[in-house]
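Kindly produce the complete structure, drawing on both the sequences and the hints.
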Amino acid sequence: MSSDNGQRPPTAGNTGRDDPSPASRPLENREDIINKWLKDNYIHYNHLGNPLALKVDEFIKIVATQSTDPDNSWLDNNALELAAVILTIELKKRSDIVIVPSSAAISLARIGQCMCGKDEFEKGVLSTGCYAAMKKENVRWIVVPVTDGMISRDESSIPCGGRHWGFMIIDKQRNDARWLDGHVTLEKNRKGKWRITKMYGAGWVAGKILCGYEKGMDLKRGQFTAATLKHVPNDTKENSYKFDKGSACGPWVFAMLEYILDHPNFLTCADGLYGIFRHKDRQKHRRAMAFDSLASRKRIQEIIRGVAESNLGDDVLPYRMSTRILKILNYPSTVDLLVGIADFSRNKTPPPERGHNGNSEKRLDDDDDDSDDDSDDDSDDDSDDDSDDDSDYDRENSDEANEDLQKAIQESFRSNKKNSAQGPQGTQGPTKSREPSEPPREPSEPPSEPTTFQSSTFNLSTHGPMLAADIPNFEPMESNKIKEWRDLLPSNLNHLVSQMNIWGQKAVLQKTFGGFGKLTRRQKRSWRESHPLFKGIGKVEIENVAEVLMESVKNISDVSLQGSVMYYPQSYLKDFAAQRPVDAATLEAGTRPAGDNLYDDSDIFDYDDEAEENDSIPPQPKNQVSNHQVWILLLSGSM
1 MSSDNGQRPP
11 TAGNTGRDDP
21 SPASRPLENR
31 EDIINKWLKD
41 NYIHYNHLGN
51 PLALKVDEFI
61 KIVATQSTDP
71 DNSWLDNNAL
81 ELAAVILTIE
91 LKKRSDIVIV
101 PSSAAISLAR
111 IGQCMCGKDE
121 FEKGVLSTGC
131 YAAMKKENVR
141 WIVVPVTDGM
151 ISRDESSIPC
161 GGRHWGFMII
171 DKQRNDARWL
181 DGHVTLEKNR
191 KGKWRITKMY
201 GAGWVAGKIL
211 CGYEKGMDLK
221 RGQFTAATLK
231 HVPNDTKENS
241 YKFDKGSACG
251 PWVFAMLEYI
261 LDHPNFLTCA
271 DGLYGIFRHK
281 DRQKHRRAMA
291 FDSLASRKRI
301 QEIIRGVAES
311 NLGDDVLPYR
321 MSTRILKILN
331 YPSTVDLLVG
341 IADFSRNKTP
351 PPERGHNGNS
361 EKRLDDDDDD
371 SDDDSDDDSD
381 DDSDDDSDDD
391 SDYDRENSDE
401 ANEDLQKAIQ
411 ESFRSNKKNS
421 AQGPQGTQGP
431 TKSREPSEPP
441 REPSEPPSEP
451 TTFQSSTFNL
461 STHGPMLAAD
471 IPNFEPMESN
481 KIKEWRDLLP
491 SNLNHLVSQM
501 NIWGQKAVLQ
511 KTFGGFGKLT
521 RRQKRSWRES
531 HPLFKGIGKV
541 EIENVAEVLM
551 ESVKNISDVS
561 LQGSVMYYPQ
571 SYLKDFAAQR
581 PVDAATLEAG
591 TRPAGDNLYD
601 DSDIFDYDDE
611 AEENDSIPPQ
621 PKNQVSNHQV
631 WILLLSGSM
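First residue of the sequence shown: 1, per the UniProt record's numbering; consecutive thereafter.
Be aware that one or more of the hints could be misleading.
To be verified - In silico EDC-like links for lysine to aspartate or glutamate, alpha-carbon gap of 16 Å or less:
(1) K136 to E120
(2) K327 to D32
(3) K245 to D71
(4) K284 to E238
(5) K242 to D69
(6) K172 to E238
(7) K136 to D218
(8) K92 to D262
(9) K93 to D262
(10) K135 to E122
(11) K198 to E187
(12) K220 to D176
Claimed, not checked - Derived DEER-like restraints, expressed as beta-carbon distance ranges:
(13) K220 to N46: 32 to 40 Å
(14) K554 to N265: 44 to 52 Å
(15) K242 to E187: 20 to 28 Å
It is worth saying that the hints were derived from the structure and are not from the lab. Built from N, CA and C at the ideal position, the CB exists for glycine as well.
Listed below in C-alpha cells is the structure:
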C-alpha cells in the first residue's frame, strides 16, 4: 500500500513555507476598549472660528462634583462655552449677544496688559471672528466668561486653567460693564454702604480684558461705567446642592446667564443689571434662581447632548457607544430591562374595550379627544391609566434611561478597571442613589425654550417663596397629576414608586414634596377616610394620622424636595400664579432707580487700577495649573 505523498493545502497560520507564523496581534482588554471610546470625539462645534470640542470622557465628567470626583470637578472652558453659546444663540435666538471664546478673551487680556498690540486680536486666527462679531451694529451685549487663569505675569508664561469662574457683561449702547461673581464677600462700612472685602483674582483679569476691549475696538480710554454686581446669589452658601463646595463657580456662571436670559427685561431696564440686582431684592433673586450646581451641570450636559446627538440615526446608541461597549459595561442588566418593559407596558394607552364601543375602531367622541366642549372622565383615583401623549412619555422615558446609562457607565467602568484582564463579569446594576434632578427634558434636540420654572407665567420674584399653605396635598389628586409629580423624582426612586398602588404613590409624594407635618386637620381626616391603609388598623386619632402615613413609607429614601421650587411641575406653578395675581407695578419692580447701591461709585474689578472706598482690589493672581489631568477616568459618584 503506497503512502500518500500528495500536497495538501497549508493549514491556517501556515504560509506553505518554512517561515515562522506571524505573531498574533495582542487582544485589547476591556480597559483599552473603554479608554479608546472615552477618547473619541463626542462633539465638535465651531463658534466664531473657534473649535469647541469635547471628548466622551470630557462630556461625562461635566457632572463631577467636589464630593464625587474632586480632581475633575472644575468645569472645562470648552464645556462652559459650548453650553453658553448653544443656550444664547440656538435656544434663545439672541443675535444681539456675543459670547466671547476663551482664546479671544486671553488675547484681550494680553492687550490690556500691554503685552501685545491690538492687531493680535483683530487679525489673530482664533480672535478675528470675535472681533468682526463685536463690530456688528445689531450686537449690543458682549458676554465674557472669565477665569483667573486667562492672564499671565509675563510674556513667557502660558495662560492656563485657573481657580475660579465669573463673567462680565458689556453693554455697548450704555458703555456699561458689569462683573458677576458668585463668590464675593461683603461687609458694611461705617457709612452703611456694602463693600467687597474679598474677591477672587478673576475680577482683576476681567478688568484687564475690559482695558483690552477698549484698545482693540479703538474706544476712548475710561469711558465705561464698570462695577461688580455685589448682590447676586452666592455660589456656595445659596447652592441647594451642598456637596460641590469649591467647584460650583462654573455651573453658577451658566445658571446665572440662563437666569438673566430668561428675564429679558434684566438687560434692558433703565439702570441695567445694576438696577436689577439690588440688596433689597437679593432674597427674591435667590429664590427665583434656585441655584443647584448639580442640576446646572446636568442642564449643561443636556444642552450639549441635544446638539451632539441631534443628527444621530434612530439605531445609533447615545454617547457614541457601540454594542461592544454596552456588553463590557453590563448594561442594561436583565432587571433594568424588565423594569423598563413593565413601566412601558403599564403607561402606554390601552386598547378600547369591546364592551364600550362594540368594535375596535375609534370614533368621534369615543375618548372625547375632539373639539367639543365635553371633558373626559378622569376622576378615578385608583386608575393607573395616564392621559399623557405616548410620544411625550417615550421622550421622557428615553431621557431618564440616558441618565441611568451615564450612571451605569461610571459604576461599571470603575469595577471593570480593576478586572480588565478577566472575562465578562456578572450583571451589575447601578446601586447608588442619585441626587434629585430637574424635570426631564427631550434628549434628542435642544428644547425650544427652557423648561425650568422661570419659563412659565409664574414669577417667584414677585410671588415670594412657597409658604406652608402652598405646599400641595396629594390625597385628592388624580392619577394623571400623580404621574406628573412622580416623574420629577430621581429615576431610581421613580421606578420603585411606580410599582406601588396609587395610594402608596401619594404617600411617597406627600413625604417628598409636601411633608406630613404641613397637613391640616381637615386634610388628615380626608387621608384617614380615603386611604385603604386606615381601614384595616382600626380607629386612628387625627393627631396620629401623619405618624401612620410616615410609617407606611419609612423604607423610601428620605429625599425631601419640599419648598424647592425647581422641582414643582409647570401646571402646579401656573395654578399657583393664577391664585396669587399681582398688579403691573409689582411686575415692573426692579426696573426703577435704586438708591441703595447705585451711587457708591464702585469700580469693583479694578478696571482703572485704582482702589475705591467700597471695594478692595484683588491681588494679581499667580499662575495656576488646571485641575484637568491627561489621564481621565469616569466619575465615581452618582449622576
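Now for the hints, and whether the structure bears them out:
1. With a CA separation close to 19 Å, the supplied pair K136 and E120 exceeds the 16 Å bound.
2. With a CA separation close to 14 Å, the supplied pair K327 and D32 stays within the 16 Å bound.
3. Only pairs whose Cα atoms come within 16 Å are accepted, and K245 paired with D71 is accepted, the gap being roughly 13 Å.
4. Note on K284 and E238: the hinted pairing holds, with a Cα-Cα distance of about 12 Å set against a maximum of 16 Å.
5. Between K242 and D69 the CA atoms are separated by roughly 14 Å; this keeps the pair inside 16 Å, and the hint holds.
6. Straight-line distance between C-alpha atoms of K172 and E238 comes to about 31 Å, which puts the hinted pair past the 16 Å bound.
7. With a C-alpha separation of about 14 Å, the suggested pair K136 and D218 falls inside the 16 Å cut-off, and the hint holds.
8. With a CA separation close to 9 Å, the supplied pair K92 and D262 stays within the 16 Å bound.
9. The suggested pairing of K93 with D262 holds, with an alpha-carbon distance near 12 Å, which does not exceed 16 Å.
10. For the hint linking K135 to E122, the alpha-carbon distance of about 11 Å falls within 16 Å, and the restraint holds.
11. Between K198 and E187 the alpha-carbon distance is near 10 Å, which keeps this suggested pair within the 16 Å criterion.
12. Restraint check for K220 and D176: the C-alpha separation of about 13 Å stays at or below 16 Å, so the hint holds.
13. Judged by the Cβ atoms, the range 32 to 40 Å given for K220 and N46 holds: they are separated by roughly 34 Å.
14. The beta-carbon spacing between K554 and N265, approximately 47 Å, falls within the hinted interval of 44 to 52 Å.
15. Checked against the hint of 20 to 28 Å, the C-beta distance between K242 and E187 comes to roughly 24 Å, which is consistent with it.
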